[in-house]
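Residue numbers (the numbering used here), protein chains in the order written: chain R, 1 to 476; chain G, 1 to 415.
Please note that a few of the clues may not be correct.
To be verified - Think about it this way: if two alpha-carbon atoms lie no more than 30 Å apart in a straight line, the pair counts; the simulated DSBU-like pairs of lysine-lysine are:
| hint | chain 1 | residue 1 | chain 2 | residue 2 |
| --- | --- | --- | --- | --- |
| 1 | R | Lys229 | G | Lys86 |
| 2 | R | Lys299 | G | Lys195 |
| 3 | G | Lys110 | R | Lys229 |
| 4 | G | Lys195 | G | Lys86 |
| 5 | G | Lys86 | R | Lys112 |
| 6 | G | Lys261 | R | Lys162 |
| 7 | G | Lys86 | R | Lys232 |
Unchecked claim - Partial list, derived from the structure: chain G residues whose beta carbon lies under 10 Å from chain R:
| hint | residue |
| --- | --- |
| 8 | Leu47 |
| 9 | Val66 |
| 10 | Glu73 |
In case anyone wonders, no lab produced these hints; they're calculated from the structure.
By construction, the Cβ of each residue, glycine as well, lies at the ideal position given by its N, Cα and C atoms.
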Amino acid sequence: MFPRLVYESFRRQTRRKLLAGVAITLGVAVATAMIAVATDIGDKINRELRTYGANLVITPQEDTLDVEIGGVNLKPPSDGAFLNEADLPKIRGTFWHHNIVGFSPMLPVAVKLRTSDGDKNKGDKSDSAKDVTLVGTYFNKKLTFGKEEFTTGVRITHPWWKVEAGEGSCGGGRLASLPRTESRGPGRVEDSAANVNAATSPESGDTSSCGWPSDDSQNVLLGERLAAKLDKHPGDSLDINNQQFQISGILSTGNVEDNQIVAPLAVAQQILGKPGAVRRVFVSALTKPPDALSARDPKTMTPEVYDRWYCSPYVDSIAYQLQEAIPHSHAEQIRQVAQNEGTVLTRIKGLMLLVTLAALLASALAVSAAMATAIFERRVEIGLMKALGAGNLAVSAIFFAEALLLAFFGGISGFIAGSLLAHQIGRSIFSSQISIQPVLFPIIIAIAVFVTFAGSAAAIRRAVKFDPVFSLRGQA
Amino acid sequence: MSTGPAILHSAREVAERRAHSPHTSMFARMLVRAAMLRRGRAASALLAMIVAAAVATAMMNLYVDVQAKLRNEFRSYGANVIVVAKSGEATAQAATAGSAPSLPQDAVTKIESALGPQTLAVPFAYAVARTSDGQSIVVVGTDFARARELNHWWKVSHWPAPQIDARLVGGDNAAPAPPAEALVGIRAAAVVAPKREPFDLTFQGKTIHLAPAGLLQTGAAEDSRIYLDQTEFQSWTDVSPTTIELAINGSPEEIQQGINKLAAALPGADIRPVRQIMEGEANVLNKTRATLYASATLVVLTSALCVLATLIGWVFDRRRDFAIMKALGASERLVNLFFAAEAAALGVIGALIGFLIGIGVAAWIGRVNFHAPVVPRFSVFPYVLAGSVAVALIAAVLPIGLLRRVQPAIILRGE
Chain R
1 MFPRLVYESF
11 RRQTRRKLLA
21 GVAITLGVAV
31 ATAMIAVATD
41 IGDKINRELR
51 TYGANLVITP
61 QEDTLDVEIG
71 GVNLKPPSDG
81 AFLNEADLPK
91 IRGTFWHHNI
101 VGFSPMLPVA
111 VKLRTSDGDK
121 NKGDKSDSAK
131 DVTLVGTYFN
141 KKLTFGKEEF
151 TTGVRITHPW
161 WKVEAGEGSC
171 GGGRLASLPR
181 TESRGPGRVE
191 DSAANVNAAT
201 SPESGDTSSC
211 GWPSDDSQNV
221 LLGERLAAKL
231 DKHPGDSLDI
241 NNQQFQISGI
251 LSTGNVEDNQ
261 IVAPLAVAQQ
271 ILGKPGAVRR
281 VFVSALTKPP
291 DALSARDPKT
301 MTPEVYDRWY
311 CSPYVDSIAY
321 QLQEAIPHSH
331 AEQIRQVAQN
341 EGTVLTRIKG
351 LMLLVTLAAL
361 LASALAVSAA
371 MATAIFERRV
381 EIGLMKALGA
391 GNLAVSAIFF
401 AEALLLAFFG
411 GISGFIAGSL
421 LAHQIGRSIF
431 SSQISIQPVL
441 FPIIIAIAVF
451 VTFAGSAAAI
461 RRAVKFDPVF
471 SLRGQA
Chain G
1 MSTGPAILHS
11 AREVAERRAH
21 SPHTSMFARM
31 LVRAAMLRRG
41 RAASALLAMI
51 VAAAVATAMM
61 NLYVDVQAKL
71 RNEFRSYGAN
81 VIVVAKSGEA
91 TAQAATAGSA
101 PSLPQDAVTK
111 IESALGPQTL
121 AVPFAYAVAR
131 TSDGQSIVVV
141 GTDFARAREL
151 NHWWKVSHWP
161 APQIDARLVG
171 GDNAAPAPPA
181 EALVGIRAAA
191 VVAPKREPFD
201 LTFQGKTIHL
211 APAGLLQTGA
221 AEDSRIYLDQ
231 TEFQSWTDVS
241 PTTIELAING
251 SPEEIQQGIN
261 KLAAALPGAD
271 IRPVRQIMEG
281 EANVLNKTRA
291 TLYASATLVV
301 LTSALCVLAT
311 LIGWVFDRRR
321 DFAIMKALGA
331 SERLVNLFFA
341 AEAAALGVIG
351 ALIGFLIGIG
361 VAAWIGRVNF
371 HAPVVPRFSV
381 FPYVLAGSVA
391 VALIAAVLPI
401 GLLRRVQPAI
411 ILRGE
């Protein structure tokens, strides 16, 4: 009799059940979407924070002091130690290699720039030379580690660098588009770093013509301020140490590079006469905000704590692993970027958590209001049941069973709708997917059942207590 | 109840008062009595309204304020604008010679008067000195208190104590004066003072005796430098600041305005924004705002729908009142007006209470998450009020439209 009552109630009052079901679906959908967004936002914002550039730097272990002011290094170019370029792909072999978004080697070289034979011809001395710094780096270099192919370079680690190409060379000289650092693939941390490279590499073919020199060319980028001073434009040639180089684009960074020349690494090595030499490497990695464990010194840790430290993507442990991977190197966090990431990340995560709480509250209220209305409308039915001799318990049981069924189905459809919603939010805001952990499903269903029960309980109690005579007469 | 004439008297009075009272009085009475008689239902409708209005207020307040709050957090990334003396590319070479083109002495005061006290300006002066064994090293003169405030990420074991005037008078080589305190970069320390002992530096024949106060670690160029107090530095080298790092608070437009103001105030200087900081900030801020916007829309929509459902239930429940009013001869317009007024009153009261609660919630979130209260925005109130009344009116009008087609007799028979 009991299942029949419940079944008939659903069959005969489809419209009312549908309304309550829609309310539950809606509430659960909002809750699911918000929980999914809140759990994933740390990851997403972490990736966005990579626009601040590299957060780790690798230098040779026995390096002499840099004597550098305003980006000009006064240290003799051959002085100090170098890293070996051949060691760099090993960065992809470290434990947290999936978290490493990209890296770019740097090799600054002091060069003499012949200025007066340009088109401006301001002086008659044809050999007046100007001391400038030339930095050799990777722009978007394809490398292989083991069987894995990947691309890396300043276009990934320094996304704020903009290159203006000459007119005509790419669609009327528009600004070269920035490479997007976020992935288009599945949004998990582990997968996405690998996808960054996959996603940006197809672009490299068509945008490299837009001002960015290719890594195996002899073309260089000229800093914006230097270009204005020399009156040089993309396509002009530049006399560096009595060698001719073509300017493929004008680089604008808002930093010291505006007064420098940026060239492929091989060019800088050739000028310096040290093939394979790299002065320092900037590494951009996704890290976990520092906490009590990260601040400890790995030398004083017990083996278990050390393992936990080693296997957490703290900026310190990644630095430690980079140091292990590259011989004779010293890796350190760039504190300006690395330290602040943590605070910003914590704030945004906290904000989303609180907003999610508000969303959960609102959807819980929506569900319980819908349930209360649905039960209140059925006073007459309750009166009839009671008049026929049903006890309070039996009546409540029927209503709770109905609520359970509604919560279950509403929960499932709400979970699906919420996943789609979260997907849509991830797509439109972060242009990457928001991952929904499967563990969320039972939690969501449990929340839906609980909220529906709690929302119905008060209404059921009131409805059951009501005198059947009055409800049957229609006087509520 | 006591005496007949009294009742008669009062009854007559009441009748008289009712006859002369304006039509709205009855209307108002109906409104109040309707709410009083079904206290439970009215209260639950009002509660839904309040919650929705509170959530909407809190979300709007947060959405407006979060940008300012997050901007504040982003300032810990340090300077977003740099002022350098023109032809600044020659600084390094000039620094060795001691003739760098420097900024005017009052540049910092000028900047602060142009941009107001919220802007943090930190001067830096550079020189290349030699250690006792002949190594070149960059020495920087700065204002420690300001640098500490600007560069939160500097890991410093111990900041140098504020300089005492007597020491300045004491001169460089005067034996009785204690050595000036310097902040030594971690890589520079390995060269000049591996055991943190006092050391000597020479610049153009003048020697200064320094004691390392603390070690500085940043992971960048600062690691191989030595930082001195500006006055100490200037009396030693005669080099005045060549670079001023600024942290300007505000939106990109406000920062651009600040840069324009500075350009007017300091014609001899080159002012440029730090693109790395500005673009990173804009990027993260936009994404966060967009996420918050999406969430706020979802939450407000859900609560509006919740209110709608509750109110429709409430009005639908009162179809008996509706039928009686019509049976007694009330015009359609009057009935509509009655329900609309009821809904509007509910909307206004709900919005008022909800607004107050919402401001409290926003302030709480601000305190918990950003450790700074969210300033209540009263400009949000009209939107909350309009939204609440609109939702309430829709909730009232929708069921009335449905009921209009039904004969009052059928409703009153209880079908």
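Now for the hints, and whether the structure bears them out:
1. For the hint pairing Lys229(R) with Lys86(G), the CA-to-CA distance comes to about 13 Å; that is within 30 Å, so the pair holds.
2. Under the criterion of a C-alpha separation no larger than 30 Å, the hint pairing Lys299(R) with Lys195(G) is consistent with the structure, at around 21 Å.
3. Taken as a hint, the Lys110(G) and Lys229(R) pair is honoured in the structure, with Cα atoms around 28 Å apart against an allowance of 30 Å.
4. At most 30 Å may separate the alpha-carbon atoms for a hinted pair to count; Lys195(G) and Lys86(G) exceed this at roughly 40 Å.
5. With a C-alpha separation of about 22 Å, the suggested pairing of Lys86(G) with Lys112(R) holds against the 30 Å cut-off.
6. Distance check on the hinted pair: Lys261(G) and Lys162(R) sit about 26 Å apart at the alpha-carbon level, within 30 Å; holds.
7. Straight-line distance between C-alpha atoms of Lys86(G) and Lys232(R) comes to about 20 Å, which keeps the hinted pair within the 30 Å bound.
8. Hint on Leu47(G) holds. Least Cβ distance to chain R is approximately 9 Å, under the 10 Å limit.
9. Because the smallest distance between the Cβ of Val66(G) and any Cβ of chain R comes to about 7 Å, under 10 Å, the interface hint for this residue holds.
10. Here the hint on Glu73(G) is kept, as its CB sits about 5 Å from the closest CB of chain R, short of 10 Å.
Hint violations for this structure: number 4 only, all remaining hints satisfied.
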